[in-house]
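Visitor: Take a look at the letters that make up each chain.
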Amino acid sequence: MAEPAGERELLASLANGDREAAEALVDRTYRKVFALLCKLSHDPDLAADLTQETYRRAWAALGSFDGRAQFSTWLYRIATNTFLNHIRRPHALVPLDDEIGGTLPDGGPRQDDEAIAAQTQERLRRGVLGLPDELRFTVAARFWAETSVPEIARAEGISQVAVRKRLKRAFRLLAVTLEEVSS
Amino acid sequence: MKKLSDKEIARALSQRGTPEPPSGLAGQIKAEIPELLEVGGGAFEPTGRGGGLRFGGLRPLWLIAACLLVVMGAGFMALRLLTPPTDLSREIALGGVTRITDVVVTVPERGTVEGQKLAMAENRVSKAAPPLSPPAAGDLVAEARNVRAQREPKATAEEQFELGKADTRAADQAALPGGVPASETAPAAQAHAAPAEAAKREAKGAPGDGAKMRAVATPAFAPAVPTASAIVARGEAAPSTAAPVGTPVVVRVTPKGLLAAAPARETVTVVVRTAAGVAVAGVPVSLQSLGKRDAKPLEGVTGADGAVAFAAVPAGHYRATAKPAGGSPVVLEPVEVPAGKSRTFELRLPPPLS
Numbered sequence: 001m002a003e004p005a006g007e008r009e010l011l012a013s014l015a016n017g018d019r020e021a022a023e024a025l026v027d028r029t030y031r032k033v034f035a036l037l038c039k040l041s042h043d044p045d046l047a048a049d050l051t052q053e054t055y056r057r058a059w060a061a062l063g064s065f066d067g068r069a070q071f072s073t074w075l076y077r078i079a080t081n082t083f084l085n086h087i088r089r090p091h092a093l094v095p096l097d098d099e100i101g102g103t104l105p106d107g108g109p110r111q112d113d114e115a116i117a118a119q120t121q122e123r124l125r126r127g128v129l130g131l132p133d134e135l136r137f138t139v140a141a142r143f144w145a146e147t148s149v150p151e152i153a154r155a156e157g158i159s160q161v162a163v164r165k166r167l168k169r170a171f172r173l174l175a176v177t178l179e180e181v182s183s
Numbered sequence: 001m002k003k004l005s006d007k008e009i010a011r012a013l014s015q016r017g018t019p020e021p022p023s024g025l026a027g028q029i030k031a032e033i034p035e036l037l038e039v040g041g042g043a044f045e046p047t048g049r050g051g052g053l054r055f056g057g058l059r060p061l062w063l064i065a066a067c068l069l070v071v072m073g074a075g076f077m078a079l080r081l082l083t084p085p086t087d088l089s090r091e092i093a094l095g096g097v098t099r100i101t102d103v104v105v106t107v108p109e110r111g112t113v114e115g116q117k118l119a120m121a122e123n124r125v126s127k128a129a130p131p132l133s134p135p136a137a138g139d140l141v142a143e144a145r146n147v148r149a150q151r152e153p154k155a156t157a158e159e160q161f162e163l164g165k166a167d168t169r170a171a172d173q174a175a176l177p178g179g180v181p182a183s184e185t186a187p188a189a190q191a192h193a194a195p196a197e198a199a200k201r202e203a204k205g206a207p208g209d210g211a212k213m214r215a216v217a218t219p220a221f222a223p224a225v226p227t228a229s230a231i232v233a234r235g236e237a238a239p240s241t242a243a244p245v246g247t248p249v250v251v252r253v254t255p256k257g258l259l260a261a262a263p264a265r266e267t268v269t270v271v272v273r274t275a276a277g278v279a280v281a282g283v284p285v286s287l288q289s290l291g292k293r294d295a296k297p298l299e300g301v302t303g304a305d306g307a308v309a310f311a312a313v314p315a316g317h318y319r320a321t322a323k324p325a326g327g328s329p330v331v332l333e334p335v336e337v338p339a340g341k342s343r344t345f346e347l348r349l350p351p352p353l354s
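Protein chains in written order, with this note's numbering: chain P, 1 to 183; chain W, 1 to 354.
For reference, chain P alone in the conformation it holds in the complex (with noise of 0.2 Å):
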């Protein structure tokens, strides 16, 4: 995770102009931003194409830009938002069918428990991609982008017990996905 006071530092010089801030703050959070997409998308191409739009969206509005979260978290906003747009395009192609299972190669005990921890992670992303909007970031960010509880709710403008209690919303609705896709 970036560090906050850096990250201000940084972000006080590229007010000033200075681009060499802006590509440090490229290498400070492009590998999460790439990470979140890959989550979201499974798909690495798309993540990466997904990791240039996002930032090309984040240079755009960085005058909206409060200061209220990090600007990783911002990104993360973005990111996840830059993903939604996509798959929501008629011609997007994000593998949401259940692919794993149909591809599963002949083998030993091992090879089934990867199968099965795969196609569990897979039915998962389907599981967070389903969820309301405000949970899909918040599930989004604490796990696939490592971004701290205090974080997201200083992002979301929500105290933490909120964060906290939309989390435990989304467990629940992910239990409950993942049961019925099971049976």
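Derived by calculation from the structure, the hints in this document are not laboratory data.
Don't take every hint at face value.
Said to hold, decoys possible - Where chain W lies over chain P, by a calculated footprint (3+ residues, C-beta under 8 Å):
| no. | region |
| --- | --- |
| 1 | 10-19 |
| 2 | 22-35 |
| 3 | 119-126 |
Where is the CB? At the ideal position from N, CA and C, for every residue including glycine.
Fit chain W to the given chain P structure using the hints.
Guide: Using the frame of chain P, we list chain W on its own:
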């Protein structure tokens, strides 16, 4: 699949396994950084650790706390300023002065035993003790000592205040005003006339030829007086001198040390004359302290001799202003009033313009 618990879901969500970003992704992103970036207003101001501005909720909380403190402080100050202090508390705070109320001056009948004892006591006092200073306010002088005894019931104090027993304490009275009376076993408080001008006047104008003075200590008196220290009670102001027989008067009781440390107050006389030296009557004159400019100026009007006297003026520097009717004010500054000296100043009005 069985229903997963919250912990199991959280563990599954936290599983790693994200592929590394493709090489060159960072470069591609950097290449798309626009030349001009419009950044948010004050969002990017650097902040130090600990103090300074903070984002989120801390800054508003800090401001609210500061505002609350300011409001509470202002309210407290306003309360202190708006609440009129009682005389007792103010005097104790300023000069350690407390008060005995209800001093009753009565005149015994001529020829009674008390009257005779009064005459004896007055003779002894007048011979043994020098006149008290300042006598102006000392029409009624009472000495009170032994605070323990002052807390005794009213009846005891009254008995001890009677001048009929003053002859038994002549030695103590002779010690006035120099110091603490010698007798440690003396009663609660004593009152005597020294120089006893008021009592004498009362006595002369009354049917008898003596005076009996009785002081009644109020409940507020005893706690306010320092323990085991002698105190001097000194009558002040008009009630003690003008009060008719039997009328309660007010006596101020001041610890001796504090009495000695009290600021000197002098009499300042301002005489207003014309340029030719003729005294001018009816001219308003004010005396404003230069050290305490917010203090209310002393004001008076010159009499037939062109003079106006300001009594009880604290030592210091003043500005005397005469405002003759139809003329411009005449200012004399600085008017120095030293401690222990009464001063007279003259203000000359300019000649009228022809």
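Visitor: If a hint holds in the structure, say so; if it does not, say that too.
Guide: Taking the hints in turn, this is what the structure says about them:
1. 10-19: holds (count 6)
2. 22-35: This one holds; 8 residues, not fewer than the three required, reach chain W with a Cβ under 8 Å.
3. 119-126: holds (count 3)
When each numbered hint is compared with the structure, no violation occurs for any of them.
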